[in-house]
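There are 2 protein chains.
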Amino acid sequence: MSAGIRHDDLRRRNRAMVISAVRRAGQPSRTEIAATTGLSHSTISAISSDLIGEGILSESKANEAISLKRGRPQVGLALNPEAAAVLTVVLSLNFLSVAVIDYAGQVIAEEQRRLDTLTMPRDELIGECTAIVRRRLEDPDLDVQSIARIALAIQGITDSHARAMLWSPITPLTNIAFADILEGEFGIPATMENDCNMMAVALRWRDPDRYRDDFIAILLSHGIGMGLVLKGELFTGTHSSGGEFGHMIHRPGGALCRCGRRGCVEAYAGNYAIWRNAKQMGEDAEPVADVSDADMRALAARAREADGPEREAYRKAGEALGFGLGSLFALIDPAPVAMVGVSAGAFDLIEPALREAIAQTAGGQHSGSISFDTEPNELPLIREGCAMQALSFVDQEIFAPGTQIRAGSKKSVA
Amino acid sequence: MSAGIRHDDLRRRNRAMVISAVRRAGQPSRTEIAATTGLSHSTISAISSDLIGEGILSESKANEAISLKRGRPQVGLALNPEAAAVLTVVLSLNFLSVAVIDYAGQVIAEEQRRLDTLTMPRDELIGECTAIVRRRLEDPDLDVQSIARIALAIQGITDSHARAMLWSPITPLTNIAFADILEGEFGIPATMENDCNMMAVALRWRDPDRYRDDFIAILLSHGIGMGLVLKGELFTGTHSSGGEFGHMIHRPGGALCRCGRRGCVEAYAGNYAIWRNAKQMGEDAEPVADVSDADMRALAARAREADGPEREAYRKAGEALGFGLGSLFALIDPAPVAMVGVSAGAFDLIEPALREAIAQTAGGQHSGSISFDTEPNELPLIREGCAMQALSFVDQEIFAPGTQIRAGSKKSVA
DNA sequence: CTCTATTTTTTCGAGCCTCGAAAAAATACT
DNA sequence: AGTATTTTTTCGAGGCTCGAAAAAATAGAG
Numbered sequence: 001m002s003a004g005i006r007h008d009d010l011r012r013r014n015r016a017m018v019i020s021a022v023r024r025a026g027q028p029s030r031t032e033i034a035a036t037t038g039l040s041h042s043t044i045s046a047i048s049s050d051l052i053g054e055g056i057l058s059e060s061k062a063n064e065a066i067s068l069k070r071g072r073p074q075v076g077l078a079l080n081p082e083a084a085a086v087l088t089v090v091l092s093l094n095f096l097s098v099a100v101i102d103y104a105g106q107v108i109a110e111e112q113r114r115l116d117t118l119t120m121p122r123d124e125l126i127g128e129c130t131a132i133v134r135r136r137l138e139d140p141d142l143d144v145q146s147i148a149r150i151a152l153a154i155q156g157i158t159d160s161h162a163r164a165m166l167w168s169p170i171t172p173l174t175n176i177a178f179a180d181i182l183e184g185e186f187g188i189p190a191t192m193e194n195d196c197n198m199m200a201v202a203l204r205w206r207d208p209d210r211y212r213d214d215f216i217a218i219l220l221s222h223g224i225g226m227g228l229v230l231k232g233e234l235f236t237g238t239h240s241s242g243g244e245f246g247h248m249i250h251r252p253g254g255a256l257c258r259c260g261r262r263g264c265v266e267a268y269a270g271n272y273a274i275w276r277n278a279k280q281m282g283e284d285a286e287p288v289a290d291v292s293d294a295d296m297r298a299l300a301a302r303a304r305e306a307d308g309p310e311r312e313a314y315r316k317a318g319e320a321l322g323f324g325l326g327s328l329f330a331l332i333d334p335a336p337v338a339m340v341g342v343s344a345g346a347f348d349l350i351e352p353a354l355r356e357a358i359a360q361t362a363g364g365q366h367s368g369s370i371s372f373d374t375e376p377n378e379l380p381l382i383r384e385g386c387a388m389q390a391l392s393f394v395d396q397e398i399f400a401p402g403t404q405i406r407a408g409s410k411k412s413v414a
Numbered sequence: 001m002s003a004g005i006r007h008d009d010l011r012r013r014n015r016a017m018v019i020s021a022v023r024r025a026g027q028p029s030r031t032e033i034a035a036t037t038g039l040s041h042s043t044i045s046a047i048s049s050d051l052i053g054e055g056i057l058s059e060s061k062a063n064e065a066i067s068l069k070r071g072r073p074q075v076g077l078a079l080n081p082e083a084a085a086v087l088t089v090v091l092s093l094n095f096l097s098v099a100v101i102d103y104a105g106q107v108i109a110e111e112q113r114r115l116d117t118l119t120m121p122r123d124e125l126i127g128e129c130t131a132i133v134r135r136r137l138e139d140p141d142l143d144v145q146s147i148a149r150i151a152l153a154i155q156g157i158t159d160s161h162a163r164a165m166l167w168s169p170i171t172p173l174t175n176i177a178f179a180d181i182l183e184g185e186f187g188i189p190a191t192m193e194n195d196c197n198m199m200a201v202a203l204r205w206r207d208p209d210r211y212r213d214d215f216i217a218i219l220l221s222h223g224i225g226m227g228l229v230l231k232g233e234l235f236t237g238t239h240s241s242g243g244e245f246g247h248m249i250h251r252p253g254g255a256l257c258r259c260g261r262r263g264c265v266e267a268y269a270g271n272y273a274i275w276r277n278a279k280q281m282g283e284d285a286e287p288v289a290d291v292s293d294a295d296m297r298a299l300a301a302r303a304r305e306a307d308g309p310e311r312e313a314y315r316k317a318g319e320a321l322g323f324g325l326g327s328l329f330a331l332i333d334p335a336p337v338a339m340v341g342v343s344a345g346a347f348d349l350i351e352p353a354l355r356e357a358i359a360q361t362a363g364g365q366h367s368g369s370i371s372f373d374t375e376p377n378e379l380p381l382i383r384e385g386c387a388m389q390a391l392s393f394v395d396q397e398i399f400a401p402g403t404q405i406r407a408g409s410k411k412s413v414a
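Order-wise, the sequence lines are chains A and B. Numbered per my numbering, the first sequence spans residues 1 to 414. Numbered per my numbering, the second sequence spans residues 1 to 414.
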């Protein structure tokens, strides 16, 4: 249970503070770091000199803009791009992509591939993933030793220990321990992340002012997913990645959902549901396997043109999302929302009904003050979140003396 | 933002560990504390000798049962009951109760009072609260100086800073900053807590095995409330006490809820809703102000006797709770549930429909493994939770050197 | 071009804190 | 009475952070 703080934990934690301050701030001077961490200048000086000696940080002749000031100019501290690297794998419907990212967060290599995830047998799916990773690792330009971590993101439910995919809409297969598989194959620590959680992580890095301590990222795609940050931390369920917003019950016994149950939010707001309603196929119609983004955009265009079943379909989606968000807000209070995915591009069609629905719920009091951002393209967000998640892990490993540091660096000698 | 750890924080935190280890374990020996905290024997020895010197802990000639062992017998450490005391105030529908609790957690005085909260004007309600507290503080048997904290719990929504009641079903009044009022009046730090959150706190102290890191306490009373513990911490909303499970939407546009909206879980499962359905008054009927516990018990008895509208009313309540829990489980995954309040005594009537509903939701996969506890009497739980919450605050104040310690104790001199 | 003011960074000794090992204390068993 | 065993305290060593002072590096003034 509650662990006491050992004396040597102190340095560990404060190293952590310094590294994360540098990652957040870009090129802060030692003085700035001292200010944000609350530690003394002497401490920051000692720690950063250690980190530079270990090749984790490097001095960069800093902000020329501010060098107009008097005194001794600040020396910016930056992450040394060569200190380590991470590899991200994003597995989504019929699509697999990997990227290699250096310690400073820059993409240094990538590869993408189409594949038929829905019909692929287990071995083949796993094989494709390991193969694409292996190809990247065998790249002669890459120092394999520097790859410190792999983060794999997938649509669907992952376990709360970030080891396995439990269930995913992109494949009928279940319980694939991707993290263990990749670790076993390549001997590099790996984690298995939920795509929407990675979206949330990315949003926070992109716009820390708007997405700080509490916010919601909702994926409006074939299915409905959610990434939730509460009190500054990624929210996960007790056993799984949790936050299955799409499968909150909107109408008990209602429309047939892809998950086999009835009345889920997704059964009204997922692409297949909007499609089904627009085509007036009835709520019991079996969900179609996939609707292309182009088809969805065409559907939205038609809905904008005339008040027909297409517009009504988007209205129903908005209503379901609104009541769902209302129930969510009853639990966590309102927070900024980012709508991501192809249907976020049709948010103009969704928003009126959504706001009307929210107004009828507990969140309704603040209905006006709730603001929505839209971002139609989810893949870059997911990849970015994966990268930052993996890099944060590496940061932690680096200041944990117990762990072998894989970067080609030697300890400074006092 | 992220604060570094100063050198003097170390002692503070480790003192915290020791105190909370003692509060949890009852009368642990120094060796046991060392084991649970992971700190060395020397450190525990130093800290506990400080704490004893300051009058916070005391040695108690420990477990005679274990003194059969060889070696030097363990000396149990106990909280010194006189180190401080706290005062709890529980304000519920037409009922106000206070208790004074010593540092070891024993009730040393209490007082209860009926009052008409629904019609009472603002000044009077506040006046009643301050008056009952003043009476306790003026008790000649009590050392006023020792009262280190006041915790006030109320049914309804409180703000996330534990300062004010925002809204409550027990009064039409809103936005009463009880914590500030009591602090101003008596000069004793006070907090304003949500009743269901305090239930959850109490459950954890009562049965730490069952209610550890993740669990749900649901109040089935006139209204429906929830206290939620996730990852070992009390879950609150971003702005308010949050966790308004009762106002998640069960059926959009459905039955009229006491909150003025439609289709909330509470509009089917609150006492007034069960009453309304049992009396076949229609879902639009204005909720009655109060139903006595005796009436509810009579209703449950009739429902058990024959399959009439009463039984159907409980079935609907179960359905609403089941779908609500199902949606909640979609977000947080299933967790142990405690049903508290008068209708928890009728859980046999509620459970079948509840389980059936859950089975139709995302939580359904684990439907069988979800276990429910029942506790018909909420008041003792709330009071107990309040006491532990207040005592935990005092624990924190005691190891924070910045704070003036109000207990009559002097620092040990080295 | 030199000197001064200013700001950043490093150095150094002081003061704490935790730890491990050893000693001391307190009991049961023989 | 002596020995084994377990708990608790003592003590010196090693680390860490801090504040103050020194050193470093620049802009502006004369």
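To be clear, the hints were calculated from the coordinates, so they are not data collected in a lab. From a predicted model like this one, the values you see are computed outputs, not experimental measurements. The beta carbon of each residue, even a glycine, is placed where N, CA and C say it ideally should be. Hints are not guaranteed to be accurate.
As the list claims (entries may be wrong) - Pair by pair, the computed Cβ-Cβ distance ranges are:
{"no.": "1", "chain 1": "A", "residue 1": "T238", "chain 2": "B", "residue 2": "R24", "range": "17 to 23 Å"}
{"no.": "2", "chain 1": "B", "residue 1": "A3", "chain 2": "A", "residue 2": "E59", "range": "22 to 28 Å"}
{"no.": "3", "chain 1": "A", "residue 1": "R212", "chain 2": "B", "residue 2": "K69", "range": "53 to 59 Å"}
{"no.": "4", "chain 1": "B", "residue 1": "A131", "chain 2": "A", "residue 2": "T238", "range": "41 to 47 Å"}
{"no.": "5", "chain 1": "A", "residue 1": "E312", "chain 2": "B", "residue 2": "L115", "range": "40 to 46 Å"}
{"no.": "6", "chain 1": "B", "residue 1": "T174", "chain 2": "A", "residue 2": "H7", "range": "48 to 54 Å"}
{"no.": "7", "chain 1": "A", "residue 1": "G184", "chain 2": "B", "residue 2": "R24", "range": "37 to 43 Å"}
{"no.": "8", "chain 1": "B", "residue 1": "S45", "chain 2": "A", "residue 2": "R24", "range": "58 to 64 Å"}
Hint by hint, here is what the structure shows:
At about 22 Å, the beta-carbon gap between T238/A and R24/B stays in the expected band of 17 to 23 Å. The hinted window of 22 to 28 Å between A3/B and E59/A holds, with their beta carbons roughly 25 Å apart. As the Cβ distance of R212/A to K69/B is approximately 54 Å, the hint placing it in 53 to 59 Å holds. For A131/B and T238/A, the Cβ-Cβ distance of about 44 Å falls inside the hinted range of 41 to 47 Å, so the restraint holds.
Distance hint check: the CB atoms of E312/A and L115/B are about 53 Å apart, inconsistent with the given range 40 to 46 Å. In this structure the hint that T174/B and H7/A lie 48 to 54 Å apart at CB holds, the actual value being about 50 Å. Range check, G184/A to R24/B: Cβ separation about 40 Å, and the 37 to 43 Å hint holds. Our hint of 58 to 64 Å for S45/B and R24/A is violated, since their Cβ atoms are close to 41 Å apart.
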